[in-house]
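Engineer: Top line first, the protein sequences correspond to chains Z and X.
Counting in full-length UniProt numbering, the first sequence runs from 1 upward without gaps.
Counting in full-length UniProt numbering, the second sequence runs from 1 upward without gaps.
Rather than coming from a laboratory, the hints here were simulated on the basis of the structure.
Any given hint could turn out to be false.
Stated by the list, open to error - Restraint ranges, calculated between C-beta atoms of paired labels, are given here:
(1) 143(Z) - 445(X): 44 to 54 Å
(2) 525(X) - 151(Z): 47 to 57 Å
(3) 285(X) - 131(Z): 46 to 56 Å
(4) 339(X) - 144(Z): 55 to 65 Å
(5) 130(Z) - 377(X): 21 to 31 Å
(6) 57(Z) - 277(X): 47 to 57 Å
(7) 494(X) - 59(Z): 17 to 27 Å
(8) 489(X) - 49(Z): 26 to 36 Å
To be verified - DMTMM-like, lysine to aspartate or glutamate: derived pairs with alpha carbons at most 25 Å apart:
(9) 56(Z) - 644(X)
(10) 48(Z) - 502(X)
(11) 32(Z) - 521(X)
(12) 134(Z) - 368(X)
(13) 287(X) - 274(X)
(14) 32(Z) - 659(X)
(15) 135(Z) - 368(X)
(16) 38(Z) - 525(X)
(17) 482(X) - 69(Z)
(18) 95(Z) - 368(X)
(19) 658(X) - 638(X)
(20) 38(Z) - 662(X)
(21) 482(X) - 106(Z)
(22) 501(X) - 638(X)
(23) 350(X) - 446(X)
(24) 501(X) - 183(Z)
(25) 497(X) - 644(X)
(26) 448(X) - 435(X)
(27) 101(Z) - 360(X)
(28) 489(X) - 521(X)
(29) 38(Z) - 438(X)
(30) 95(Z) - 360(X)
(31) 48(Z) - 521(X)
Note that the coordinates shown come from a computational prediction; the quantities given were computed from them, not determined experimentally.
Beta carbons are placed, not taken as given, at the ideal position from N, Cα and C, and that holds for glycine.
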Amino acid sequence: MSTRKKNILKVIILGDSGVGKTSLMHRYVNDKYSQQYKATIGADFLTKEVNIDSDKVATMQVWDTAGQERFQSLGVAFYRGADCCVLVYDVTNTKSFQNIKSWRDEFLVHANVSTPETFPFVLLGNKIDTDDSKKVVTNKAAQELAASLGNIPLFFTSAKTAINVDTAFQEIARSALQQNQNDADSFEDDFNDAINIQLDNDTNSCSC
Amino acid sequence: MGVRSTSQEMSRETQERRAHSSSSSTSLVTSLMKSWRISSSTTSSSGSSSKKKFTQSHSGNPTTTGTYSDTHSHDQNPLRHSNELGMYSLSRSSSSDGNFDAMSKQQNSTNRSLSSSNNTYSPLRYNSPSTNQIDSPRASLMRQKHNKHSHHNQLYYQHNNSSAISESSAHKKSSDKYFEDLDEDWSAVIDNYNMPIPMLTNGGNGKSVSGYGNNGDSRNNLSRTSTASSMATSLTSNTLTQSQSLQYPQLPNLNTLDIPDTEKSQEEMENEREVQELNSIMQRITKFDNIIKNKHIINLQDLRQLSWNGIPKPNRPIVWKLLIGYLPANTRRQESLLKRKRQEYSEGLKHTFSDEHSRDIPTWHQIEIDIPRTNPHIPLYQFKSVHDSLQRILYLWAIRHPASGYVQGINDLVTPFFQTFLTEYLPPSRIDTVEFTDPDTYLTEEQKMDLEADTFWCLTKFLEQITDNYIHGQPGILKQVKNLSQLVKRIDLDLYKHFEKEHVEFIQFAFRWMNCLLMREFQMDTVIRMWDTYLAETSPETILSFASSNQVSNSSEGLMSPHTPLSRKPATFSTPNVDHVSPASSVGRSNLGANAANQAIASPVNVSSSDDSKRFSHTSLNEFHVFVCAAFLIKWSDVLCVMDFQGIITFLQNPPTKDWKETDIEMLLSEAYIWQSLYQDATSHWLK
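Given the sequences, and given the hints that come with them, work out the whole structure.
Structural biologist: This is the structure:
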């Protein structure tokens with residue numbers, strides 16, 4: 001049915017500089033971690049074949065964007081046509097957490113999505129492998145934020161130790177696929193527009 | 001000197017021919033360059049057959065071959081000449097133009113060796129021997145430039161009227177200036193082992209030709225070498241035929257070069273290769289020394305021309321400082337200036353890190369997290385002392401330039417300067433260890449501050465040339481990306497259409513190319529080689545002539561904009577910094593009374609200064625960079641055209657350049673230069 005996109009799921013990763021967007025993407029796509037990633041300029045691009053709910057296959061195209069605020073005006077070129085937006089913060093960096101909402105708003109402004117209120121976001125708190133003493137963003141605050149952003153799924157991840165990365169991206173793929181189908185359907189049948197894809201995601205929040 | 005001017009005479013002739021071949025379309029250029037590339041890449045693994053295939057790839061294009069061999073009859077056809085009057089841009093973008101651009105480079109070197117041994121001139125050529133003999137290289141250079149516009153005056157041919165030459169110069173710009181450089185550069189790259197050392201020039205050709213084939217192909221040195229040599233020989237004999245028809249003296253032995261490489265043992269070849277490489281390096285070092293040593297005023301224009309083709313490692317630090325306008329051309333002022341700038345830097349640091357200054361936390365943090373991620377694969381950038389130095393340099397730069405501030409990518413741009421200037425403190429034999437050695441092991445604290453200061457000021461000067469890349473919204477980069485797409489649309493419509501079909505947007509891959517000047521795409525040593533050329537493209541004079549130019553208003557805004565952030569600086573910094581631009585140019589002005597400072601040096605033709613400033617007004621680092629990016633992209637055209645969106649983006653994210661050598665970069669730059677000389681006129685209309 002969704003011939004328009006042929007099951008290509010376009011995913012955007014956003015978040016402050018240095019929160020680990022590139023590392024997360026590489027952990028997910030290549031199952032590797034390196035300390036040697038250069039700062040992303042513009043956006044990096046990786047793809048992965050994904051199985052969703054063991055019966056659907058899709059290609060996930062991940063755009064890993066640059067974190068420096070300066071590059072935000074560039075976003076348009078990469079945001080367009082996204083099926084899911086991943087918001088990443090660093091649990092050891094308050095500022096990165098505080099900026100999540102503005103990243104989301106920025107995305108909605110530039111991505112030109114058809115139904116902003118239902119567009120799937122996933123929130124990731126990265127670097128949970130670090131010492132508890134260094135963690136400055138509490139899980140509770142994160143859950144509250146996730147709830148306030150429309151009950152979006154929340155995962156605490158570590159790209160370094162691979163904690164929760166696959167789980168998170170499974171959810172991202174599922175959300176993206178749903179969004180993708182919704183979008184495709186809405187072209188042919190406005191009836192489906194009313195489905196709130198977030199409903200079945202609620203149970204997935206905070207797997208910690 | 002005589003050698004040089006005669007070779008230029010010859011290359012001028014080649015270019016004249018080129019200028020007279022119109023009638024074909026742009027896509028033909030592309031297909032020609034492509035076919036050249038393809039054929040040579042298929043042959044690079046089988047050296048013996050390369051000559052044949054190379055020839056085929058040319059003869060495969062009837063227009064090209066025809067034009068090439070028929071040029072003389074064209075030249076002598078006045079009707080054709082007059083038809084071509086005023087068709088400058090058309091003829092420049094013809095396919096055979098592209099061919100001749102390349103071919104003329106081949107011929108330049110060959111011809112030079114031919115002519116260097118004998119000063120006989122062909123009556124077919126437009127020269128008047130007396131002019132040639134008294135020619136300064138500069139004069140000959142000037143006239144050579146005119147030839148690009150030679151269809152303005154067929155008088156050249158018919159009357160040997162040298163005064164027509166100077167008249168024509170008013171109508172043209174001097175983008176040819178690099179041809180003789182290429183020629184010289186390739187003289188430094190030797191493949192043809194049978195040549196006695198003074199004949200090195202012949203050898204350079206082949207390698208450069210083979211460069212087309214090296215990209216994306218296996219890099220077997222040996223096969224490349226022999227490929228190159230046989231190509232060179234094929235060209236040589238080709239040229240020889242040509243020159244015979246021009247009544248050149250026939251050089252003995254050239255034809256015997258056809259065979260030998262394949263018969264030589266590998267070891268022999270390697271030995272000879274090494275010897276020749278060493279010799280050519282020594283030659284080049286001498287050339288640079290001649291310009292920069294024991295001179296009161298350094299001729300920056302000569303230095304730029306020479307540097308465009310690469311700077312030997314021992315000369316590089318000082319030459320870079322001269323090219324970027326940090327060191328004044330007046331050598332008597334260098335020492336005091338260095339002292340002052342270094343003092344300023346350390347005072348700037350003192351002020352910035354004093355209690356009076358409240359730290360810009362976001363900027364500091366951004367730099368702090370970027371520095372460990374800068375060149376993570378090079379050990380040098382893992383040392384604590386280097387981190388600290390870069391942090392100071394970048395932070396100071398950022399807070400002194402509030403209009404742009406620190407932008408990711410600038411951390412990349414600082415490193416070629418840092419690394420190159422470090423080599424100043426290493427003995428020549430250890431220059432290559434700079435990437436592995438902790439500077440703290442050989443630098444005193446004071447030297448480290450000097451190094452930082454030099455790096456800081458050169459980075460400052462460099463970024464001044466491309467300021468609108470980093471101010472808010474990055475308009476410079478967006479413009480470049482747009483220009484790149486327009487350029488590719490004209491050069492390689494197939495690729496452009498394929499991108500459109502696959503919904504590939506240029507910004508998706510080219511943003512980084514612009515933001516980091518392709519640094520992310522290449523290894524550091526090739527980047528540094530590339531910067532030799534890039535720094536030769538930058539100049540304080542550019543800004544000056546931009547100011548007086550009524551053209552390209554958009555670009556001039558960009559170039560002038562550095563003064564905005566400058567003027568906002570604290571007085572301690574701004575005054576000396578503005579001062580700092582002037583020494584070189586004021587020296588130029590006062591000594592020579594010409595507004596395009598160094599351009600006017602030794603130029604006997606009065607119109608040249610306006611002429612050259614026009615050329616400079618056409619080019620800037622950013623603009624040249626777009627052509628380099630275009631050349632880079634088109635290199636992969638054949639591969640990209642069969643890929644889908646995903647494949648294209650993935651490929652361009654990580655192009656196969658890991659094994660690129662300096663010669664590959666030089667090829668890329670040459671191709672960019674060709675595209676620029678073909679499209680510059682056109683671009684002045686749409687590159688805005």
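Engineer: Hint by hint, note whether the structure agrees.
Structural biologist: Now the hints, each set against the structure:
no.	hint	result
1	143(Z) - 445(X): 44 to 54 Å	51 Å, holds
2	525(X) - 151(Z): 47 to 57 Å	53 Å, holds
3	285(X) - 131(Z): 46 to 56 Å	55 Å, holds
4	339(X) - 144(Z): 55 to 65 Å	59 Å, holds
5	130(Z) - 377(X): 21 to 31 Å	25 Å, holds
6	57(Z) - 277(X): 47 to 57 Å	54 Å, holds
7	494(X) - 59(Z): 17 to 27 Å	26 Å, holds
8	489(X) - 49(Z): 26 to 36 Å	34 Å, holds
9	56(Z) - 644(X)	22 Å, holds
10	48(Z) - 502(X)	19 Å, holds
11	32(Z) - 521(X)	22 Å, holds
12	134(Z) - 368(X)	18 Å, holds
13	287(X) - 274(X)	20 Å, holds
14	32(Z) - 659(X)	24 Å, holds
15	135(Z) - 368(X)	19 Å, holds
16	38(Z) - 525(X)	18 Å, holds
17	482(X) - 69(Z)	22 Å, holds
18	95(Z) - 368(X)	15 Å, holds
19	658(X) - 638(X)	19 Å, holds
20	38(Z) - 662(X)	23 Å, holds
21	482(X) - 106(Z)	24 Å, holds
22	501(X) - 638(X)	16 Å, holds
23	350(X) - 446(X)	14 Å, holds
24	501(X) - 183(Z)	22 Å, holds
25	497(X) - 644(X)	12 Å, holds
26	448(X) - 435(X)	16 Å, holds
27	101(Z) - 360(X)	23 Å, holds
28	489(X) - 521(X)	22 Å, holds
29	38(Z) - 438(X)	21 Å, holds
30	95(Z) - 360(X)	15 Å, holds
31	48(Z) - 521(X)	23 Å, holds
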